[in-house]
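Enquirer: Put chain G on the given structure of chain X with help from the hints.
Listed below are the residues making up each chain.
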Amino acid sequence: MKSRFILYISIILILLLLNCQKAGAVKMEFKTKNLKNGAKVKYLIRESIPIAYLTVLIPASSLDEKKISQAYLTAQMLTHGTKKRSARQIEDEIDFLAITIEKKVTHDYTMLTLSTTKRNLKSAIELFFDILKNPTFPEDEFRKEISILQKSLRQLEEDPSHLATKYMLKDLFGKHPYGRVVEGEPDKLSELTREDLVEFYQKFYKPDSMIFSIVGSIDKNDLEEISREIENWEGKSIKRELQLPQPSDRDKPCEIIIKRDDLTQSTILIGFVGISRKDPKFYAFSVMNYILGGGGLTSRLAKEVREERGLAYSVYSTFSPYLFPGPFYVEVKTKAENTKRVIELILEELNKISKHGVTDEELEEAKAFLIGSFPLRFDTMKKIAEFLPLLDFYELGDEYFSKYPEYINGIKSVDILNVSSNVLRQNHVTVIVGPQLK
Amino acid sequence: MKFLSVTLILLLFFPLMVEGYIQETLLNNGLKVITVEDHSTPVAVFQVWYRVGAIDEPDGKSGISHLLEHLMFRGSKNYPGNVFSKIIQLQGGVDNAFTTKDYTVYFQKLTPAKLDISIDLESDRMQNLLLQKEDFELEKKIVLEERRQRYEDDPENLTFEEVIGTAFKAHPYRRPVIGWTEDILSITLEDLKNYYKKNYCPDNAFIIVAGDIEREKILQKIREKFEKIPSCDKLQRIRTLYEPRQYGERRIILKRKTHLPMLVMAYKVPAYPENDSLSLELLSTILGEGKSSRLYRKLVIEKGLAIDVGTSNSPISRDGFLFFIVTSVKDANKIDEVERIIRQEIENIKQEPPSNREIEKAKNQVEASFLFSQDSVFGHALILGRFEIIGSWRMIERYKEDILKISVEDLQRVTKKYFIDDNLTVGILLPL
Numbered sequence: 003m004k005s006r007f008i009l010y011i012s013i014i015l016i017l018l019l020l021n022c023q024k025a026g027a028v029k030m031e032f033k034t035k036n037l038k039n040g041a042k043v044k045y046l047i048r049e050s051i052p053i054a055y056l057t058v059l060i061p062a063s064s065l066d067e068k069k070i071s072q073a074y075l076t077a078q079m080l081t082h083g084t085k086k087r088s089a090r091q092i093e094d095e096i097d098f099l100a101i102t103i104e105k106k107v108t109h110d111y112t113m114l115t116l117s118t119t120k121r122n123l124k125s126a127i128e129l130f131f132d133i134l135k136n137p138t139f140p141e142d143e144f145r146k147e148i149s150i151l152q153k154s155l156r157q158l159e160e161d162p163s164h165l166a167t168k169y170m171l172k173d174l175f176g177k178h179p180y181g182r183v184v185e186g187e188p189d190k191l192s193e194l195t196r197e198d199l200v201e202f203y204q205k206f207y208k209p210d211s212m213i214f215s216i217v218g219s220i221d222k223n224d225l226e227e228i229s230r231e232i233e234n235w236e237g238k239s240i241k242r243e244l245q246l247p248q249p250s251d252r253d254k255p256c257e258i259i260i261k262r263d264d265l266t267q268s269t270i271l272i273g274f275v276g277i278s279r280k281d282p283k284f285y286a287f288s289v290m291n292y293i294l295g296g297g298g299l300t301s302r303l304a305k306e307v308r309e310e311r312g313l314a315y316s317v318y319s320t321f322s323p324y325l326f327p328g329p330f331y332v333e334v335k336t337k338a339e340n341t342k343r344v345i346e347l348i349l350e351e352l353n354k355i356s357k358h359g360v361t362d363e364e365l366e367e368a369k370a371f372l373i374g375s376f377p378l379r380f381d382t383m384k385k386i387a388e389f390l391p392l393l394d395f396y397e398l399g400d401e402y403f404s405k406y407p408e409y410i411n412g413i414k415s416v417d418i419l420n421v422s423s424n425v426l427r428q429n430h431v432t433v434i435v436g437p438q439l440k
Numbered sequence: 035m036k037f038l039s040v041t042l043i044l045l046l047f048f049p050l051m052v053e054g055y056i057q058e059t060l061l062n063n064g065l066k067v068i069t070v071e072d073h074s075t076p077v078a079v080f081q082v083w084y085r086v087g088a089i090d091e092p093d094g095k096s097g098i099s100h101l102l103e104h105l106m107f108r109g110s111k112n113y114p115g116n117v118f119s120k121i122i123q124l125q126g127g128v129d130n131a132f133t134t135k136d137y138t139v140y141f142q143k144l145t146p147a148k149l150d151i152s153i154d155l156e157s158d159r160m161q162n163l164l165l166q167k168e169d170f171e172l173e174k175k176i177v178l179e180e181r182r183q184r185y186e187d188d189p190e191n192l193t194f195e196e197v198i199g200t201a202f203k204a205h206p207y208r209r210p211v212i213g214w215t216e217d218i219l220s221i222t223l224e225d226l227k228n229y230y231k232k233n234y235c236p237d238n239a240f241i242i243v244a245g246d247i248e249r250e251k252i253l254q255k256i257r258e259k260f261e262k263i264p265s266c267d268k269l270q271r272i273r274t275l276y277e278p279r280q281y282g283e284r285r286i287i288l289k290r291k292t293h294l295p296m297l298v299m300a301y302k303v304p305a306y307p308e309n310d311s312l313s314l315e316l317l318s319t320i321l322g323e324g325k326s327s328r329l330y331r332k333l334v335i336e337k338g339l340a341i342d343v344g345t346s347n348s349p350i351s352r353d354g355f356l357f358f359i360v361t362s363v364k365d366a367n368k369i370d371e372v373e374r375i376i377r378q379e380i381e382n383i384k385q386e387p388p389s390n391r392e393i394e395k396a397k398n399q400v401e402a403s404f405l406f407s408q409d410s411v412f413g414h415a416l417i418l419g420r421f422e423i424i425g426s427w428r429m430i431e432r433y434k435e436d437i438l439k440i441s442v443e444d445l446q447r448v449t450k451k452y453f454i455d456d457n458l459t460v461g462i463l464l465p466l
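Just so you know, the sequences run in chain order X and G. For our numbering, count along the first sequence from 1 and bump the result up by 2. For our numbering, count along the second sequence from 1 and bump the result up by 34.
By construction, these hints were calculated from the structure, which means they are not laboratory data.
Simulated coverage check for chain G against chain X, where a stretch passes if three residues somewhere in it have a Cβ under 8 Å from a Cβ of chain X:
1) 66-79
2) 114-124
3) 170-176
4) 285-299
5) 395-408
Okay, the calculated beta carbon distance ranges per label pair:
6) G/Ser346 <-> X/Arg145: 25 to 33 Å
7) X/Lys33 <-> G/Lys291: 48 to 56 Å
8) G/Leu219 <-> X/Lys254: 35 to 43 Å
9) X/Ala370 <-> G/Lys111: 23 to 31 Å
10) G/Lys111 <-> X/Arg252: 50 to 58 Å
11) X/Lys33 <-> G/Leu219: 55 to 63 Å
12) G/Asp365 <-> X/Arg252: 39 to 47 Å
Using N, Cα and C, we set each Cβ at its ideal position, and we do this for glycine too.
So that you can see chain X by itself, here it is in the shape it has in the complex (with noise of 0.2 Å):
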């Protein structure tokens, strides 16, 4: 399998580097109780439909790692055996009791969430409370998902926009775990022990760093029940050694191809070194992004490319806020022989905003919908149990819900120029992946 793939490398996948050098408030009644073994709390009962979510989050992620996988692994690995159920018995019961315990591993935390019906609460809870403290991560079971997900991860490298994803975090981070996807490379599987996972478990799932979070139609018993379990649950987690990614050096901007003959469009991403989630900035950073790229149709890039000449039909910019500045990029797709064209529209209304930042009546629009359609943020109760350990995690403080317009309407254009102009003047990776021009 292995050979199969460097074949397509060498054949198909032509890689060439180039120039590179290197509406307002929201009323949230939720509380929070903070437990004698350090972990938190944060619930919120509602009994409009019989379902409950609980949330954790982890303060673990490839942040952490000594070998890339780890954490995206034993995340994974958690359903996959405890000191008392086997992988297929956790399965049977997940699926019997129509509960799901979703992971999610991102480039700063680890999140699990249990949606379970009311009937099933109790069932679902101590599975679930299992699978979180005593997961045996099996050998064999181990095996198996290191196939499938190596097998996965080579699917998804064909895929043009995760291919193109790829290397621009290697070119903006580096080898900083910024810099790959949190899923991990193909190649460095083997390199990966069931040990490392024991050992990635034992040093970061210790409760008293945990932020848990209960939403739905749970009663104060319920509430005690969790609080009991997540108490009678003693360890002290160590203290994260997190490492600032280091920026590019780089003189000039960088072009990487990728050449794909199968491919009728190409996948283009622009990127830069965005803007940390806990940067004072990030406000007048999300209004720019807001008003550039990621205001769905009416942005300046959507209008530009797509409304006004039809050369895309998806186009947008992004941002990752993390604990560092994450990745902040424009991607597009358009007809091969586009590309060109495309890229300079883009590069053009870049340097306009961050020469110029934005007029008085743009900034108007941007907060009216950003305020606005904040409550939509959280308009479901999943959406809520999952935010609710952000606000622990991220210092957003539990006054976030309504002080949250007042952020958003403190922004001043100057604000707008400063953060753009700040971010932009970096120079930019350009990775196109897509069939060659003639």
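Expert: Only chain G this time, still in chain X's reference frame:
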């Protein structure tokens, strides 16, 4: 006895979606308005459903419903220009639309106080769409880019398009919603104008307003803006759909750049309210939904031949569609073996019905999926709309009652009836 008790428990939970807070009103011009009062979050959803999708398209014009959907954002008499989304976003709302084989939906999500804006915009574009030449040419280009992105450059989607196109020879479900490239190119502005005039009228549409709303107030505003729109000229909603009998399986192979080969097995199956569709829905859970399903256990866990396998069935369709079994196979040399195992698993059910525990699991999942869908006002409205498209949103209650009555013998009977070669199309995606 165990089965009976579980059924009773389920019945206790199901009537949650009582009719009390869902109501419908029929306006004089035939436009139905369904209101769903749900005050759990300060959010409202406005959806306009047109009973027109790929199934209604004339030959040679596949993709016309979807192209029209794009043009619906390019301005109407009272809101000329490219302003729809901008107006909604200025009010802190989000809007979009989607086209399927059976219908087209336009929607906005916004705070309830802003619903009037949705009503103004949607009523204007239901009757006064501008459809200008320049916009038409631009949207055609955009749709062609969309097709390149979603199909030409996505081998898996392209395989599905081929399988569906092969499974149906005469039935309009053979056509892709986005349309074939040549068809998209051949659509004229005149075609689009006629299509709009014929299909976009009040008695071929319905509205769902859901969320934190005041029913009477919103209805009054809807009446004001929508009731004066004239009904359709001559609505020909029902036409005979047929598919000639198939003799033996059909098989297609696609060779595209992919790492993992994919095997798609698609059986023609009936749609709800035909009762067999419910048995097939439960069968789908038992066969291929979740890691405890029979196919996942066999192919991914025991044999290690696949990295994933799943099944899907679409009983809430305007006509019978396909039951898909989709496998991401690890190795191209093992595709035959994978197909043999899937056929054997199907054969096993023909020989011996699934266990009571399996059917209980499937019913638990149906119950849970209905409950979870109500967590989102938007998702809840979508389910109501899909039932309304096939008859009435009220059919949901009957659907739930009927599905509880399904027995393991029913599952065995439908497996024997539909899982035969004369209903089967196999599609294989192979690496180049």
